[in-house]
Structure formats: C-alpha cells, structure tokens
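> Here is what each chain is made of, one letter per residue.
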Amino acid sequence: METLKASPRNWLQNILADWDKTQVLVSFVILGLIALTPLFIKSPYYMGIVILTTLYIFTGISWNIVAGFSGQLLIAHISFLAFGAYTTIVLYNTYGVTPWVGIFIGGIVAGLLGVVVAFITLRYGLKMDYFALFTIALMVALKTLFLKWKFVGGAIGMGLSLSEPGFGKMIFDSKVPYLYIALGLTALGIIAQYAIYQSKMGKYFMAIREDEAAAAALGVNTSLYNTLALVIGAAMAGVGGGFYVMYVTFVEPPQVFDLGLNVEILMAAPIIGGLGSLAGPVLGGILNKPLAELIRGLLAGGRSGSTLIVYGSFLILAILFMPRGVTGVLHGFYLKWQRRKTGNKQEG
Amino acid sequence: MTLLEAHNITKRFGGLVAVNDLSLSVSEGEILGMIGPNGAGKTTAFNMISGYYQPNEGRVIFDGKDITGLRPDQVCKLGLARTFQVVKPFPQLSVLDNVLVGAYNRTNDKQEAQQKAREILDFLGMGNMTEQLAGGLSVAGRKRLEIAKVLATGPKMILLDEAMAGLRPIETDEIIELVRQISQQGVALLLVEHVMKVIMSLADRIVVIHHGEKIAEGEPQAVVQDKAVIDAYLGEEVANVAG
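Protein chains in written order, with the numbering used here: chain A, 10 to 357; chain Y, 73 to 315.
Bear in mind the hints are in silico, worked out from the structure with no lab data behind them.
Among the hints, a few may not be true.
[Stated by the list, open to error] Simulated crosslink set (DSS-like; lysine-lysine; CA at most 25 Å straight-line):
id : chain 1 : residue 1 : chain 2 : residue 2
1  : A       : Lys-30    : Y       : Lys-182
2  : Y       : Lys-286   : Y       : Lys-299
3  : Y       : Lys-149   : A       : Lys-209
4  : A       : Lys-51    : A       : Lys-178
[Unchecked claim] A few chain A residues that face chain Y, going by a derived Cβ cut-off under 7 Å, partial list only:
id : residue
5  : Val-149
6  : Ala-150
7  : Lys-209
8  : Lys-212
9  : Ala-216
10 : Glu-219
11 : Asp-220
12 : Ala-225
13 : Ala-226
14 : Leu-227
15 : Gly-228
16 : Val-229
17 : Asn-230
Beta carbons are placed, not taken as given, at the ideal position from N, Cα and C, and that holds for glycine.
Using the sequences provided together with the hints, build the complete structure.
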C-alpha cells in the first residue's frame with residue numbers, strides 16, 4: 010500500500026527534477042485548464058477566443074520546431090498553413106472528402122511545399138536573411154497565383170458548403186466541439202514536439218541552429234536535417250490550416266497569405282513564450298490571442314490601425330524585456346527553487 | 073599502412089594560391105605535425121582534407137577511399153574528424169548534449185550515445201560538468217569540449233587545428249597528455265600547431281608549409297635544424313631551444 014501511495018508522488022518528483030519534463034507538465038496543466046473553460050464561458054464570442062488561442066498554440070509549435078529548434082529564419086510560414094486550409098476546403102467542397110481526413114492531407118500537401126522550399130533554398134544556398142526573404146517572396150507569389158486560380162475560388166475565395174451539422178463533416182452547432190478538436194491537436198503537437206526535442210533528430214536540429222559548420226564536422230548532414238525540420242513544421246502548419254478553415258468556414262488569398270496573420274497565428278506565441286523552448290508556444294499562446302482580442306475590443310472603435318500599433322508595441326516590449334520569453338523567466342525561478350531544495354537537503 | 077594521403081592538392085582563391093601542389097601522408101596511429109608561419113595555408117589544407125573546401129586540383133585518399141569533394145559529414149562518417157581553430161561549441165546546449173551530437177555519428181540509440189558521451193567526458197575530466205551550458209565554459213574547457221566532440225564521433229583519425237592555442241602552460245601540458253593517450257588508442261592525428269613544445273613532444277614527423285608549399289618534411293629533430301625552416305618560420309633562437 011505504501012508504495013502505491015508513494016508512486017504518484019515520486020512520479021511528480023521525477024518530472025519536477027527535470028526542466029524539460031516540467032515544461033511538458035506545465036503545458037498539459039494549461040491545456041487541462043482550457044478544457045474546463047466551457048463550464049464557465051457560455052458566450053460564443055469568448056468561446057471563439059479560447060478556440061483560436063488553442064489553435065494558435067498548435068500552429069506556434071509548428072513554427073517553434075523550424076525557427077526555434079533548427080534555427081531557420083522562416084518568416085512567411087503562413088504559406089504552409091494556407092496550403093493546408095485550401096486543400097481541406099477544396100477536398101470537402103469539391104470532392105466531399107471528410108475534413109477528418111482532409112486536414113491531414115492538407116498537412117501532407119503543405120509538407121510537400123516544404124520539400125520544394127527546402128530544395129530551392131539549399132540548391133541556391135539561401136541562408137538566414139536570404140532564406141527569410143525567399144519565404145516572403147514565395148508568399149507574395151502564391152497570393153497572386155491563388156487570386157487568379159478559379160478552381161480554388163480566385164479572388165472571391167472559398168466558403169465552406171455549410172449543410173446540416175454532423176460529426177463526420179466536422180461541422181457543429183456549438184463551438185465546444187471545435188475547442189476539443191483544437192485541444193486534441195495541440196496535445197498531439199506538444200507530445201510530438203517533446204519527442205523531437207529528446208531524439209537524435211532534435212539534437213541535430215539544435216546543433217545546426219547553434220553552429221552549422223560545427224554540426225557538419227560531427228557527421229550531421231545539415232541539408233537533410235534542415236529539410237526535415239522544415240517539412241515537419243510545414244506539415245503541422247498545414248494541419249493547423251485545415252482546422253482553421255473548418256472553424257472560420259471561409260478562406261481567401263489576402264486573408265491567409267498575409268504577414269499580419271502570419272505574426273499572430275505562428276510567430277507571436279513562441280516568441281512571447283520563449284523561442285526554442287518546450288513550453289514557449291503554450292505560455293506565449295495563452296497571452297497572445299486573448300491580449301490581441303482585448304486590444305481589439307478596447308481600441309477597435311478608434312482610429313483604424315491603432316489596434317495593430319498597440320499589439321506590435323506589446324510584442325516589441327515582450328522581446329526587449331523577456332528575450333528568452335515567459336519560459337526563460339520561469340526557468341530562472343525554477344533554478345532558484347532547485348538550488349534551495351538541494352541546499353535544504355544538504356543542511357538536513 | 074597509409075591512412076591519409078593528400079596528392080598534389082591545390083587551392084586558389086581568385087588570383088591567390090593559398091595551397092600549391094601539397095602532398096602529405098599519415099600512417100595509421102601516426103602523429104603528423106604541420107607547422108608554418110601565419111597565412112602559410114595550413115588551415116586551407118586542413119579545410120580541403122576535411123571536406124570544407126573542394127581542392128582545385130589534386131586528390132585526398134582516406135582509408136583507401138577517394139574523399140575529394142565529399143561533404144564534411146560524409147568525411148566524418150568515414151572516420152576522419154576535425155576540430156576548429158576558433159572553437160565552435162554549441163553554446164545553448166549542455167556539455168553532455170554537445171558531445172551527444174558527436175556520439176550519434178555511430179549510433180541511433182539514445183542510451184548508447186549517452187553512455188558513450190559520458191565515458192568520453194569522464195576521460196577528459198569533464199564528468200562533473202555534463203549539465204552545464206557549453207557557452208559558460210572557460211577557454212580551456214571549450215578546448216577540451218572540442219576534443220570530446222570529435223572523439224565521440226568514433227574517428228580513425230583526428231585533425232586538430234591549434235587545439236592548444238591560448239592555453240596556459242599547465243593546461244597545455246594536460247592537453248598534450250590527453251592527445252598522447254588518444255594516440256595510444258590507435259587514433260592517427262594531424263596537428264596544426266604554433267606551440268613548438270607541443271609539436272616536439274608529440275609529433276612522429278613534421279611537415280613545414282610556407283607560402284602554400286611544403287618546404288620540409290621529416291623527423292622533428294631534423295626538421296628544426298633545416299636551414300629553410302629556420303629562415304621561414306622558426307628563427308635561430310627557437311631552433312636552438314628546440315634542438
């Protein structure tokens with residue numbers, strides 16, 4: 010009996026002794042709290058914010074793997090999200106493919122775009138700022154292409170063919186089921202992110218981020234692992250895009266090939282939370298969307314654009330005062346707590 | 073048996089010939105020292121052998137295979153690993169993870185790689201620093217870490233580019249002892265070094281490079297007495313001390 014009683018406590022102690030595991034635990038506790046919100050939040054407006062908050066954590070993880078782990082300066086990550094969104098809605102509207110399958114096909118299509126991007130940038134040796142510019146140029150080119158492409162709705166865009174709600178169609182009367190789908194995706198994302206972080210592949214990603222030449226000297230095929238990071242991140246963004254379009258029920262080129270949404274949906278959460286850290290997308294994500302909405306709610310009636318000025322200033326302040334994000338600040342406290350704990354043990 | 077052979081390698085940067093028609097060979101388990109004045113082309117030669125530069129002319133043979141034009145990671149997989157003159161730790165990773173990246177060169181298994189990394193860190197006397205971030209290490213610690221990382225890749229031969237530069241005499245002695253132990257395990261070494269004490273106490277043979285060309289080769293004692301070497305690099309005093 011005693012061992013049975015002690016084991017959950019040991020389990021917790023084991024997790025808390027390891028900062029990486031602690032970050033995963035914190036992430037899941039936060040997801041658990043989000044899962045309870047339907048008990049208090051009845052307003053569809055606020056529920057919508059909770060759903061997008063959760064989705065932005067998932068999409069933030071996808072960018073965190075590319076930019077945070079492997080250190081590639083991927084700015085316009087949103088092209089991959091857009092590919093996932095378009096694939097899902099076209100498959101559903103035109104071919105009647107259930108979104109449950111469609112969003113994962115969207116992930117595959119986005120992953121393939123990732124392969125193309127990796128191939129071109131490696132072939133022509135585009136690194137760092139050139140790589141960043143290439144991704145932005147690609148986004149602009151794709152936006153123009155999609156504006157002219159009638160099959161995917163052209164400039165009019167594409168709305169989800171709404172019919173009777175149904176689980177198989179991923180269309181619901183209430184907002185709550187969307188929340189649980191987003192939570193499911195995000196839970197998978199957190200597990201995948203941790204598995205990558207702990208694996209050989211993850212160590213190789215981080216070695217490349219820290220020093221590409223030194224990584225190559227230790228036997229790391231830097232082209233291969235840069236490509237892998239990009240494809241994994243792209244595929245996850247594609248899945249996120251698939252869910253995004255099912256939730257907002259509409260997609261048009263200026264909406265998804267846009268640097269503003271790119272920052273909000275992909276970059277803000279990991280940057281506020283701590284780029285390259287495990288809990289970064291979650292800790293940043295719970296601040297990012299609610300704050301953006303709060304600012305929008307307070308200032309939307311005033312001069313147009315003032316919302317973006319305040320939101321942008323907030324991001325700049327977050328970067329200035331928390332260069333390693335919320336996770337970096339928490340890590341400082343964690344180390345102090347660890348030191349006090351070991352100190353007490355030595356005294357006792 | 074010959075492990076590494078460079079045949080007539082030449083590297084030109086525009087009009088500048090950094091290395092001209094250089095040939096050298098290293099036998100299994102041998103320590104070859106490479107010396108020469110600053111700008112002589114030592115590091116360029118190094119970069120050609122390890123796959124960072126493609127030679128304009130000539131071939132590099134390692135362990136019976138032509139490795140000319142292979143990528144650095146492919147060269148490392150074959151068992152030829154290098155360090156960098158300006159050490160390149162992965163600063164935001166722990167010391168253990170730094171070495172782990174090297175250990176994954178020979179295995180995909182996490183447990184096995186971690187065990188190998190820990191063994192090597194113990195061998196280098198860094199067993200108590202495993203969780204520390206590499207960015208926080210002292211200069212001497214970074215130099216040791218650089219050696220730990222290449223050792224972890226399981227090499228047949230290591231190219232050491234000024235592994236002792238910037239160290240205090242006592243630290244230098246410690247690294248000399250480490251290199252000797254590594255050599256005794258059957259690993260061949262190519263040392264590029266300015267500290268003559270290191271070369272004299274470790275190298276089985278020496279090649280001297282000046283203006284991108286080999287001007288002398290042979291036993292350390294003989295080479296330091298060579299008139300051309302003294303004029304180009306050592307000067308009279310060092311030759312007398314070393315001799």
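> Quick check on the hint: Lys-209/A CB to chain Y CB, less than 7 Å?
holds (5 Å)
> Does Ala-226/A pass the interface hint, meaning its C-beta sits closer than 7 Å to a C-beta of chain Y?
Where the cut-off is 7 Å and the nearest Cβ of chain Y is about 5 Å from Ala-226/A, the hint holds.
> Against chain Y, run the beta carbon of Lys-212/A and see if the smallest gap drops under 7 Å.
holds (5 Å)
> Would the hint linking Lys-51/A and Lys-178/A be met if the CA-CA limit is 25 Å?
holds (24 Å)
> Taking 7 Å as the limit, does the beta-carbon of Ala-216/A come near enough to a beta-carbon in chain Y?
Since the shortest Cβ distance to chain Y is 4 Å, the answer is holds.
> Quickly compare the C-alpha distance for Lys-286/Y and Lys-299/Y to 25 Å and report which way the hint goes.
holds (14 Å)
> Checking hints one by one. Is Val-149/A an interface residue toward chain Y, by the C-beta closer than 7 Å rule?
Since chain Y brings no Cβ nearer than about 33 Å to Val-149/A, farther than 7 Å, the hint is violated.
> Mind checking the CB of Asn-230/A against every CB in chain Y and telling me if the closest is under 7 Å?
holds (5 Å)
> Once the shortest beta carbon distance from Ala-225/A to chain Y is found, is it less than 7 Å?
holds (4 Å)
> Go through the hint on Asp-220/A and say holds or violated, using the shortest Cβ distance to chain Y against 7 Å.
holds (5 Å)
> Using Cβ atoms only, decide whether Glu-219/A comes closer than 7 Å to chain Y, and label the hint accordingly.
Holds. Min distance 4 Å.
> Taken at face value, is the distance from the CA of Lys-182/Y to the CA of Lys-30/A at most 25 Å?
Measuring from Cα to Cα gives roughly 17 Å; hence the hint holds.
Violated hints, listed in ascending order, are 5, 6; each of the other numbered hints is respected by the structure.
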